[in-house]
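Asker: Now for the letters of each chain:
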Amino acid sequence: MADYLNLAGWLAALAQTVLFVAIAPLFANWVKRAKCTLQNRRPPPWLQPYRDLRRLFGKEVVLAHTASHVFRIAPYIVFGTAVLAASIIPFILAEIPFAAMADAIVLVGTLALGRFFLALAGLDVGTSFGGMGSSREMTFAALAEPAMLMVVFTLAMLASSTNLSTVVGFFLEQPLALRPSLLFGLLALLLVGIAETGRIPVDNPATHLELTMIHEAMILEYTGRHLALMEYASQLKLAIYAVLTVNLFLPWGISRTLDPASVGIAVLALTAKLAVLGALLALAETLVAKMRLFRVPTFLAVAFTLSLIGMLSFIMLEGH
Amino acid sequence: MTAYADLPLIEQLIRTFAALILVSSFALLAQARVVAAIQVFAWQGFLLSALTALVAWNSGLPHLYISAVLSLVLKALFIPWLLIRQSRRLGILRDFDAVIRPGLTLMAAGTLVIFCYNVVIPVREFTQIVTRDAIAVSLALVMISLLMLITRRKAITQVVAFMSLENGLFFAAVTATQGMPMVVELGIAFDVLIAAVIFGVFFFHIRDSIETLDVDQLSRLREMDE
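Same order as they appear, the protein sequences are chains A and B.
Counted the way the numbering used here counts, the first sequence spans residues 27 to 346.
Counted the way the numbering used here counts, the second sequence spans residues 28 to 253.
Only chain B is shown next, with the shape it has when bound in the complex (with noise of 0.2 angstroms):
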């Protein structure tokens, strides 16, 4: 085990900072105010671009660092401030999203990052690079968000834990392959950011029909009153 100690120092900073931002999934998933969830959101953003730099900074791959300003500007600053003003205009942002069953989800989370692990172990055979210990969290960092998104029921938080999966598919690329190809990320960045619009377009409309952002309202069927 001594072996982890003579790392290079920024490879174990690398590893620190996705335990960091593993712990600030397991944050998103236990808050209850629409407001903290936004801002832990905002803190795993600011993670993983400072992740992304680094990972940069190590392999010496330049377009990396594009992609680093890139999250940090939209996912630890853009996409947050468009959210908490969003929910400051529909009133919501002090509001209590109740998690369901907090102790049951935090067990599942932790079970899923063990079941993470355990699937991506031949994955780590495979390849050499440093970030490969990270795989397994960036795949947990994506169950988590899914299980986020069926433990909510406010459609804000429900875009929040979106949000963050596709942090967790970008950690995935950075860990996985050192960052996609600059053209897809430009796209992606370019879609997350009219997907975060377009859901605040949709925040009005929901509340507009059926006057709350509670979606399980809308899995009752029943008449309009008339």
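Extracted from the complex, chain A is given alone in its bound form (with noise of 0.2 angstroms):
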């Protein structure tokens, strides 16, 4: 384990957690782009995130008048929570002084409140969409939570640790071995990050307007600064779920020392681990059609039903 009152550590955590920030809308364009050119249509320039978030950073704000403080306070709670879960999970470094502080179920948590103050944010003005959107969100967190904890608990029980960093070491130093367990957790956790980053077979990114939307259905009323915070954050949220997933699952390449070599090999490797991923992403929702909202359910109920038998089969078949 690092040295938790090592100065360098911190330092680098904080580095890693401002690199993770920065790259965020870098990510999302990647999986925009992938699409655009899977689909026959010119893709956005590389900075179009940043072009994008500059422009909304300026504009004024106006605010509804049926808006109440909550709706006001709700887009920097919802991107500090994004932040402070990118914060605690292993990115660059897998050994971080924070995963000390904060386990996979804060994560969780942390997850969790965010979403409570966007649903809440929803809400607040009073239009119908708002509480459309919210009212889905909620519907389908209740579903896609357990599934997602149900997962933490598989890794858990198999590194003996909620803490990410422990398991993430676990998964480096032992032998690779094909686990039941941890190929269903790996579907499972997929299938949340589908849902819970608001991708297209459960809601559709791209859209403002269709009638079966959720994320944008709650922050339709959100402009200049405060909208620009609630499109970073859902980034943010993007980017955590994907280096959740090739972190957690396909750790080789991270680095656990501050060696500048071992760090270069960790940043060369995540980049390649997510364009994968991105690219992978993007031909999913190519080939895949939106769901009709209703189905949903059924969805998240596959993704809840493969994660306990990830977790069954970790009890059952490798317990040794």
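Errors might be hidden in some of the hints.
[To be verified] Anything over 12 angstroms on all C-beta distances counts as not near chain B; from chain A, calculated:
(1) N32
(2) A41
(3) R67
(4) R81
(5) L82
(6) V134
(7) F210
(8) W278
(9) S288
(10) L309
(11) A327
(12) F330
[Said to hold, decoys possible] Heads up, incomplete: computed chain B residues facing chain A, CB under 7 angstroms, no partners named:
(13) L49
(14) R159
(15) D160
(16) A163
[Claimed, not checked] Cβ pair distances, simulated, as ranges:
(17) V302/A to I111/B: 33 to 39 angstroms
(18) P70/A to D33/B: 45 to 51 angstroms
(19) M127/A to G130/B: 33 to 39 angstroms
(20) L245/B to M183/A: 45 to 51 angstroms
(21) R180/B to T63/A: 37 to 43 angstroms
(22) R151/B to M127/A: 37 to 43 angstroms
(23) Q65/A to G214/B: 55 to 61 angstroms
No wet-lab data here; the hints were simulated from the structure.
Glycine is no exception: its CB is placed at the ideal position from the N, C-alpha and C atoms.
Could you use the hints to bring the two separately framed chains together as a complex?
Answerer: Structure representation (structure tokens):
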């Protein structure tokens, strides 16, 4: 384990968090670009999301008459929880001091807190779209969270710890093995990630004009810097799930020391892994049609069943 | 827990296939469409035959290869083909057979798996063979098939459930005792084959007498219209 009183460790963890927050829009744009290329459309420039954010930050905020202070503080809380979540997952360095303070369950809780305020903000103005969006978000969250927690518990039972750094270290230390529990855990986490980040079979991130939208319905009333923070938070959330998936299930390459060479390898490995995952996500979004809203609970039930089978097969088949 | 990682790859593969068969039985339980249920059943047969071949390779028992080929031909190819052909002739291939309370049914299936695991713990103590961990999965397969039998209404999906139950018994034989004697196995394979054909004939009879394959209609007694 890393020395938690080491100043360099703390600085490295902070730098890693800043880097995470900085590249999150780039990852979202990479998925968008891959999708555009697959669909024979002209992709947006690499820096487009940063320009969008700068433009939104420069704009004036227009508030509805009925908006209360909850509406005004919600973007900061949503963004803050996303940054907090980003800081506690192993990104380039596996052993970060933040991981000792906040484990995987805190991560799920942090994301839930952000979602709670997002849903409150959707309800606050009192438009019908916002209310619909909040109601849908909470319905699906209630189904997605148990599945996510099951995956976390499976990993925790495997590594005998809920500390994400320990889990990653455990996978790096033991020989490569074909584990059914990890196979199903990975599938379940992918399904949960798709649902939670509002990607295509569940929600369409590219439209504001659908009756079945979930995320966009809640932030429809936001303008200016509030909207920028909300958009940024959702890009962060996508990056969080992507990094969580690749680093927990395919942790090879992640750096366990502050040595420049291993950090360099970690950056390269992570870039490659995220590029592949983003391309796969774009491919899936191109091939799959958006499902009916009432089919989403079935989709999440599949995720829950997979995570449950993952946990059961860990207990039944890997109990050595 | 590092002991699992030290197992040979083939034993890890056997366990992974056992878990995949468990997933296929959950998938079968949740399928509402007749054609999808038959397809999942075919996949289950395929996985079962692959698992049998792996066990045969691992244990070096040649008769298990014959079982694997038998179950591939019968359960993954012939019976699904027969069922699809019959349901096409009956015009019910794309019909829905709604699962009664899908959420509760899946929860019940999860509970059954835990129950089976607990029941099998003493059995595991007796034996040292590599597949002893999968005995619980095979029992769970039987139980989940029984659950599917009681939560379905259409005769054709009940037959799929019944065949899947037989898959579970076969799986139990492979995992617990490394297969049954060849005579028994051939007899069962033949039985299943004949059962599939007879069920096919019965579908037509049921439809002719009550004009539907919904067997709930059979539980009501009433005079024939005259």
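Asker: Give a verdict on every hint.
Answerer: Verification of the supplied hints:
Every CB of chain B lies more than 12 angstroms from the CB of N32/A, the least distance being 29 angstroms, so the non-interface label holds. At roughly 34 angstroms from the closest C-beta of chain B, the C-beta of A41/A stays outside 12 angstroms, upholding its exclusion from the interface. Even its closest Cβ contact with chain B, about 34 angstroms, leaves R67/A beyond 12 angstroms, as expected for a residue assigned away from the interface. With a least CB separation of 45 angstroms from chain B, R81/A remains clear of the 12 angstroms interface cut-off, as annotated.
Annotated as non-interface, L82/A keeps its C-beta farther than 12 angstroms from every C-beta of chain B; the closest such distance is 41 angstroms. The beta carbon of V134/A sits about 21 angstroms from the closest Cβ of chain B, which is more than 12 angstroms, so the claim that it is off the interface holds. Look at F210/A: its CB is around 7 angstroms from the nearest CB on chain B, not clear of 12 angstroms, so calling it non-interface is violated. Once the 12 angstroms rule is applied to beta carbons, W278/A is consistent with being away from chain B; the minimum gap is 15 angstroms.
At the 12 angstroms boundary, the C-beta of S288/A stays outside the reach of chain B, the nearest C-beta of that chain being 23 angstroms off. Even its closest Cβ contact with chain B, about 23 angstroms, leaves L309/A beyond 12 angstroms, as expected for a residue assigned away from the interface. With a closest Cβ-Cβ approach of about 6 angstroms to chain B, A327/A is found to fall inside the 12 angstroms limit, against its non-interface label. Chain B draws F330/A into its interface by the beta-carbon criterion, the shortest separation being 8 angstroms against a cut-off of 12 angstroms.
The restraint placing L49/B at the interface with chain A holds, with a minimum CB-CB distance near 6 angstroms, inside the 7 angstroms limit. For R159/B, the shortest C-beta to C-beta distance to chain A is roughly 10 angstroms, which exceeds 7 angstroms, and the interface hint is violated. Hint status for D160/B: holds, given a least beta-carbon distance of 5 angstroms to chain A, under 7 angstroms. For A163/B, the shortest C-beta to C-beta distance to chain A is roughly 5 angstroms, which falls under 7 angstroms, so the interface hint holds.
Evaluation of the 33 to 39 angstroms hint for V302/A and I111/B yields a pass: the beta carbon distance comes to about 37 angstroms. Between P70/A and D33/B the beta carbon distance is about 49 angstroms. The supplied range of 45 to 51 angstroms therefore holds. Separated by about 37 angstroms at the C-beta atoms, M127/A and G130/B satisfy the suggested range of 33 to 39 angstroms. A hinted range of 45 to 51 angstroms for the beta carbons of L245/B and M183/A is consistent with their spacing of about 47 angstroms.
Separated by about 48 angstroms at the C-beta atoms, R180/B and T63/A break the suggested range of 37 to 43 angstroms. In this structure the supplied range 37 to 43 angstroms holds for R151/B paired with M127/A, their Cβ-Cβ distance being about 41 angstroms. One distance hint, 55 to 61 angstroms for the beta-carbon pair Q65/A and G214/B, holds here, with the actual separation near 57 angstroms.
The structure is inconsistent with the numbered hints 7, 11, 12, 14, 21, although it conforms to all the rest.
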